[in-house]
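Use these hints to put chain B with the ligands onto chain A, whose structure you have.
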Amino acid sequence: MFNRDRWKEILEVLTKNWFRTVLTAFGVFWGILILIILLAAGKGLENGIRSDFDNIATNTMFIWTRSTTKAYDGLPKDRDFNFKIRDVSLLRENFPQLRFISPRNQLGGFQGTNNVVRGIRTGAYNVYGDYPEFIEQEPMMITRGRFVNHNDIEEKRKVAVIGQGVVRELYDPGETILGSYIKIQGVNFVVVGTYRKSSNDGNGEESQKQIFVPFTAFSQAFNRADNVGWMAITAKDETSITSMKEDIVSFLKGQHRVHPEDQRAIGYFDLFEQFNRVESLFGAMRFIAYFVGILVLLSGIIGVSNIMLIVVKERTKEIGIRRALGEDPWSIRKQILLESIFLTLISGMAGISVGALFIYGINAILDMNGPVDMFANPSVNLGVIMIALTILIISGLFAGFIPAQSAIRVKPIDALRTE
Amino acid sequence: MIEIKDLHKSYQMGSNSLHVLKGIDFNVEAGELVAIMGSSGSGKSTLLNILGMLDVADSGEYLLDGLPIKNLNETKAANYRNKFLGFIFQSFNLINYKTALENVALPLYYQGVGRKERQEKALKYLEQVGLKEWSHHLPSELSGGQKQRVAVARAMAAEPKVLLADELTGALDSTTSYEIMDLIQKINDLGNTILVVTHEDDIAHMCKRIVHLKDGVIVEDKKIEQVRASQYVQ
Ligand SMILES: Nc1ncnc2c1ncn2[C@@H]1O[C@H](COP(=O)(O)OP(=O)(O)OP(=O)(O)O)[C@@H](O)[C@H]1O
Ligand SMILES: [Mg+2]
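Residue numbers (our numbering), protein chains in the order written: chain A, 545 to 963; chain B, 1143 to 1376.
Honestly, the hints are just simulated from the structure, not real lab data. Treat the hints with caution; some may be incorrect.
Said to hold, decoys possible - Partial pick of chain B residues on the chain A-facing surface, computed with a CB cut under 10 angstroms:
id	residue
1	SER1233
2	ARG1257
3	ARG1296
4	VAL1359
Just so we're clear, the structure is a prediction, and the values are computed from it rather than from any experiment. C-beta: ideal position from N, C-alpha, C; glycine also.
One chain only, chain A, in its complex shape (with noise of 0.2 angstroms):
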């Protein structure tokens, strides 16, 4: 199959008529250079939200409450209620699949009133009460000093770690920051670290300019008791947070007493499912890449395969005389395949070619302008590659059957009569 006078042959064929050969190959190149771009384009995309979601703990659901809607156990409809510090212990003692449960308390917020002072300056800050593991929930990287420590938690001390952005605004660059002291509504605390979180999400620049302080000198020093504002509840790799959800919404009702079937009075947000709900559409988006980019290559491959079926004909005398002087039937449709699978694969590499240079190109304009949003690193694998390539060599068999078969369909002896 690989001896050198066949190759010589299929080589003489397709360049017997140059124009024609380039503009078969066309179709096959174009179908191939689709499949990648998109397939690439899609993979930017999935890069891009992926990273978003970098390192945060996915396998996770925040959980809160609301008021009551059904009056229960002799308690009224319309009551406020709050979790507690000590419904953090009991989740522990009965989900042991969780890997992190983390009671979170909040103090004022985004465009809020100014809560933080620091000599001059002030500012409006989101200020959060914290047990050391949401650092592992919420990857954070500490610039400076440290986060909480289980100490902190212990002594309820009043240290805080500040973001990036609240530096820059309540210090002048150069200034000493770890160890002084920032007045939260009154209250000071001293900085013992510095975070800034990798921004490719929307709102990068409200997640520097967050404070963390321990949990229970929060609790303290804003008189929340054991109240707990809301809880990130990560489970362990091996169980889905989303098939536990319910069961410990069940549970934090039946410890509150409220009715099983009040569907408001806990309020919660499942990360997981929002995150496999992301995966399935870049399933889709490749599925479309590769229907929209077979179709493409289905075209071309008719093409070939068209064509093929002229340069047949135009080759039945010949063929007829080749068959006259006892070339083998098969011989002749192995000689029409491989001129077929050549042409489709030498065109579809050139695609594969001109497809990585573009993607390669996209990569450079990208890296030039800095990070765009939702958009990063558009890239096809090796594995795509091979898939493609199996996917030309069998297209190239196909494309070229139906020519091979009418090549020896024609009796030697018609073949010879042709002109």
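Chain B with the ligands alone, transformed into the frame defined by chain A:
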């Protein structure tokens, strides 16, 4: 070498059927040089094509060197053609994008002969027909006579048992025709069996036996005194 008995062939054309060969009985010994003659449409080419396994008879027997030729599939037929038969056509039928040498080497290629041996053999046969210097020319660069010589060399290359030539001088002027016939006679002198279809008397008389076809049957079959073509060739 060739034995045929009661060979029939008709062509179907729509509802009409044209009975072309109506019972041919015919034997050829090894080393014979036979001319098949007859008016146009008498079935000469049809007979030769059947002998060449390019076409099949409707009924009758055909033995080639003792081998029954019947119900061959295309692969087998191709194989037999390659091993046993050499064709020379009126219109040369060279492959136009291959050089003279490559054309002559083709039957050997189909036999699976290695590249080097193939080229050596092909060159040897080209030399025999006097075209060694033209081996790397394309058919389009050759004259009609030269093309037919290449075709003769090609038919010889696989060392077949029988050479079949249909109007091999039909497209050539008389001088060139004699040159080709001279070649054919020399090949025949070496012991090769050759069948030549022609409607030119002078060509027929350069053979050793003339078979006359008329309306699908053999009407005359006689051995003749061979006229050597060499006397007309300088
Ligand atoms: N494929 C075919 N289909 C139908 N009829 C055919 C076919 N081939 C030949 N014939 C007919 O069969 C008859 C014999 O044809 P053939 O070619 O054998 O004649 P021939 O003796 O070689 O004539 P010529 O000297 O003109 O070459 C002719 O009448 C021709 O029209
Ligand atoms: Mg004829």
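Query raised in the report: Is the hint on SER1233/B kept, meaning its closest Cβ partner in chain A is under 10 angstroms away?
Result: holds (9 angstroms)
Requested in this report: For the hint on ARG1257/B, just tell me whether its beta-carbon gets within less than 10 angstroms of chain A.
Outcome: This hint holds: ARG1257/B lies near chain A, its Cβ roughly 7 angstroms from the closest one there, short of 10 angstroms.
Requested in this report: Report holds or violated for the interface hint on ARG1296/B, using the least CB-CB distance to chain A and a cut-off of 10 angstroms.
Outcome: holds (7 angstroms)
Query - chain A contact restraint on VAL1359/B - CB to CB distance below 10 angstroms - result: violated (22 angstroms)
Hint 4 from the earlier list is the only one contradicted by this structure; the remaining hints agree with it.
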